[in-house]
Amino acid sequence: MIVAQGLTKRIGSKQILKGIDFEIRPGEFVSCFGPNGAGKSTTLKILALLSKPTDGELWIDGQKADTANPVLRRKIGVISHNSLLYNNLTARENLLFYGQMYEVPHLNNRVAELLEDVGLVHVANDLVGTFSRGMQQRLSIARSLIHDPPILLMDEPFTGLDEMAKHILNSILGKLSASKHTVFLITHNFDQGLEQSDQALILVSGKIVFRCQPQNMTQEEFRQHYLASQGAFK
Amino acid sequence: MKVVHKLYILLWKELKTESRAKEVLTSMLVFSLLVVTTFGFALELPRDEVGKILPGLIWVTLIFAGLLGLNRSFVAEKQNDCLLGLMLCPIDRSLIYFAKTITNLVLMGIVELVSVPLFFIMFNYPMPQKTGLFLLILALGTYCFIAVGTFLSALAAGTRTSEILLPVLLIPLIIPVLLSAVLVTQHALGSSIAGVSLYLKLLATYAVIFTVLPALLFDYLLEV
Amino acid sequence: MTQPKNRLSEKLLAWFTFFSVWIALYLALVYAPTEKTMGDIQRIFYFHVASAWLGMFAFLVVFVASILYLVKKEFKWDIMAQTSAEIGVIFTTIVLVTGPLWARPIWQTWWSWDPRLTTTLIMWFLYLAYGRIRKAIPEEEKRARYSAIYGILAFTDVPIVFFAIRWWRTMHPGALITSSGVGLAPDMKPAFFLSLIAFTVLYFYLMNKSYRVERLRIELKTLREHFIGDR
Chain A
1 MIVAQGLTKR
11 IGSKQILKGI
21 DFEIRPGEFV
31 SCFGPNGAGK
41 STTLKILALL
51 SKPTDGELWI
61 DGQKADTANP
71 VLRRKIGVIS
81 HNSLLYNNLT
91 ARENLLFYGQ
101 MYEVPHLNNR
111 VAELLEDVGL
121 VHVANDLVGT
131 FSRGMQQRLS
141 IARSLIHDPP
151 ILLMDEPFTG
161 LDEMAKHILN
171 SILGKLSASK
181 HTVFLITHNF
191 DQGLEQSDQA
201 LILVSGKIVF
211 RCQPQNMTQE
221 EFRQHYLASQ
231 GAFK
Chain B
1 MKVVHKLYIL
11 LWKELKTESR
21 AKEVLTSMLV
31 FSLLVVTTFG
41 FALELPRDEV
51 GKILPGLIWV
61 TLIFAGLLGL
71 NRSFVAEKQN
81 DCLLGLMLCP
91 IDRSLIYFAK
101 TITNLVLMGI
111 VELVSVPLFF
121 IMFNYPMPQK
131 TGLFLLILAL
141 GTYCFIAVGT
151 FLSALAAGTR
161 TSEILLPVLL
171 IPLIIPVLLS
181 AVLVTQHALG
191 SSIAGVSLYL
201 KLLATYAVIF
211 TVLPALLFDY
221 LLEV
Chain C
1 MTQPKNRLSE
11 KLLAWFTFFS
21 VWIALYLALV
31 YAPTEKTMGD
41 IQRIFYFHVA
51 SAWLGMFAFL
61 VVFVASILYL
71 VKKEFKWDIM
81 AQTSAEIGVI
91 FTTIVLVTGP
101 LWARPIWQTW
111 WSWDPRLTTT
121 LIMWFLYLAY
131 GRIRKAIPEE
141 EKRARYSAIY
151 GILAFTDVPI
161 VFFAIRWWRT
171 MHPGALITSS
181 GVGLAPDMKP
191 AFFLSLIAFT
201 VLYFYLMNKS
211 YRVERLRIEL
221 KTLREHFIGD
231 R
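Chains as they are written, first to last, in this note's numbering: chain A, 1 to 234; chain B, 1 to 224; chain C, 1 to 231.
It should be emphasised that the hints constitute simulated quantities derived from the structure, not laboratory data. There could be a bad hint or two in this list.
Unchecked claim - Heads up, simulated BS3-like pairs for lysine-lysine below, C-alpha to C-alpha not over 25 Å straight-line: (1) A:K207 - C:K221; (2) C:K221 - A:K18; (3) C:K142 - A:K207; (4) B:K78 - B:K22; (5) C:K11 - C:K72; (6) A:K52 - C:K142.
As the list claims (entries may be wrong) - Here's a subset of chain C near chain B, in silico, CB distances under 10 Å, partners left out: (7) W102; (8) R116; (9) T118.
Built from N, CA and C at the ideal position, the CB exists for glycine as well.
Here chain A stands alone, though its shape is the one from the complex:
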């Protein structure tokens, strides 16, 4: 589904990504770890077709990635630590807006369905500005899924969430991995996502220093690998 070859990204005089290669098969759940500044968000932005790599190639669903291609954009949904929602619109209006931008058919039904999935039906007509962070993030998930994208990119979605929101997010992640969505999750937390992951990557200073299949090891072992990788590239 996603094939990245030799991706490099240079911003100004800084080399953020120094050539990374990876492949994500359809339906795979990949989690990405790494210290701050490693280039995880930059990688996600390239995958989201927001940013052009300085060098290297990216294929999404068999097509060469081109930031100007709207067709590919429809296949991608993004959850960021910011909600990407309009505070002055209601939850329903936000979803209707994005739904129309993505040309989602039977939009009203879809919106109702999503609101139920994330447990926000009772506040559908309230302004997003009045929501707590957890509620905003839940709505953000609904927003990212409105056009039913086969690929979902998530940049530290659990940041600042309360328990209820974390619980809902976890169950959604479970559903996504079960329903064969292709997921790329950036996270700092080993609890979140590792168990559903088919593949885990550790990114340090713009390079992938470790990759594995977490199903084959315990969380503790993975943690050891993570700490080791920090030391090696200091």
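For this one, chain A is given, so just place chains B and C on it according to the hints.
Chains B and C in isolation, oriented as in the chain A frame:
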């Protein structure tokens, strides 16, 4: 046409968010009314002299009221990183620029509808003889100003000192607009100015150049 | 590492600048005849026009370098735009100062809304705005990109400004004397042309030096980051 439909959706979003908050429009309106009133107090002039400065007063007031509104147009998108949300949508990025420009034009239109007649009332000046020309120059001048202003507000919004920066960036660029608009307005108000059609052509050229150029450059502005 | 390339041509440039400026000064201040009606103050004219020409040229360089930066994304174009803008401000300021200085004794007025002088004033503001953008953005890539965008818009505006003001001044009653109507006696021509040449090489000399300094500064920063670590 899908593109037109998406533009329409973007406009719906813009106007809906503004109508909820109401802060931009009300600030612009209150500001322009204050300015008109202030000038009314500050300038004690006999009517024929008022006629000479009225066009200038009107345009300067509109520009400063416009700056208030322009500042906000992209700063609002920074909240919750909404601009990123728009960039993810399957649309041409310059559509965002057009939607914002049209929204700002609508807001300015409302402000002008209220404040311009007030100028004439406040100074007891007869309404413009050449009404058609007057409306034309208001529309054309406002468009030129807003087209550049919207683009620059996107640029300024990406910097730290956006509110102070925008006027510094914008005003030198719109000097020709201001000059031409004031002269044509003078003509519309009755004093005969030579070469009005030349100024109108200049404004039209300006409008074309400064619609196309920003639309082309907008992608570079939004690069991540 | 920046190797000291073209050391010879840079030295030649420096010496040529040095000599031509001195010769120009001599020609303008000593050799050229005193103007009949205006007197010695007219000598400012040589530097005034040369500076105006360079101010415009510097802005053109900003424009071209800005386009090249956006297309090629190489930092050297940004450096070129930035240094040309800085030098342009200097020349433009000279124009704006010498203009009134010259106009006052002759026409008893400081400012005459002369189209070229007024356009230079607007250009000065545009240069300053360009500088303001650069100061307002700490991230180097963003700064380069944003200022390039503004550089393109700003330069496109200049001809429009010029025509607008020119039509205004020629058609609006009460237009004052423009400074374009100064005839050049044959004896004055050497001073005039050499001032032009002197200022042009001065521009290139300043560009060359500033460019080098900027480049070295950036290299130093890169090296520091490489050895000491990312900040």
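For this session: Decide if the proposed pair is consistent with the structure: K142 (chain C) and K207 (chain A), CA atoms, cutoff 25 Å inclusive.
Result: Roughly 24 Å separates the two Cα atoms, so the pair holds.
Satisfaction of the R116 (chain C) interface hint, Cβ to chain B closer than 10 Å: violated (15 Å)
- Message: Just to be careful, I want the Cα atoms of K221 (chain C) and K18 (chain A) compared with a cutoff of 25 Å; is the pair within it?
- Response: Cα-Cα ~19 Å, so holds.
- request: Take a quick look at whether K52 (chain A) and K142 (chain C) sit within 25 Å of each other, Cα to Cα.
  value: Since the Cα atoms of K52 (chain A) and K142 (chain C) sit roughly 15 Å apart, the hinted pair holds (cutoff 25 Å).
* Asked: Given the proposed pairing of K78 (chain B) with K22 (chain B), does the C-alpha separation stay at or below 25 Å?
  -> holds (18 Å)
Next item in the hint list is T118 (chain C). Is there a CB on chain B closer than 10 Å to its CB?
holds (9 Å)
- Message: Does W102 (chain C) hold up as a contact with chain B if the rule is Cβ-Cβ below 10 Å?
- Response: violated (24 Å)
Handout entry: K207 (chain A) paired with K221 (chain C) [C-alpha distance capped at 25 Å]
Key = holds (22 Å)
Starting from K11 (chain C), check that the Cα of K72 (chain C) is at most 25 Å away, please.
Violated: K11 (chain C) and K72 (chain C) sit about 30 Å apart, past 25 Å.
Violated hints, in rising order: 5, 7, 8; the structure is consistent with all others.
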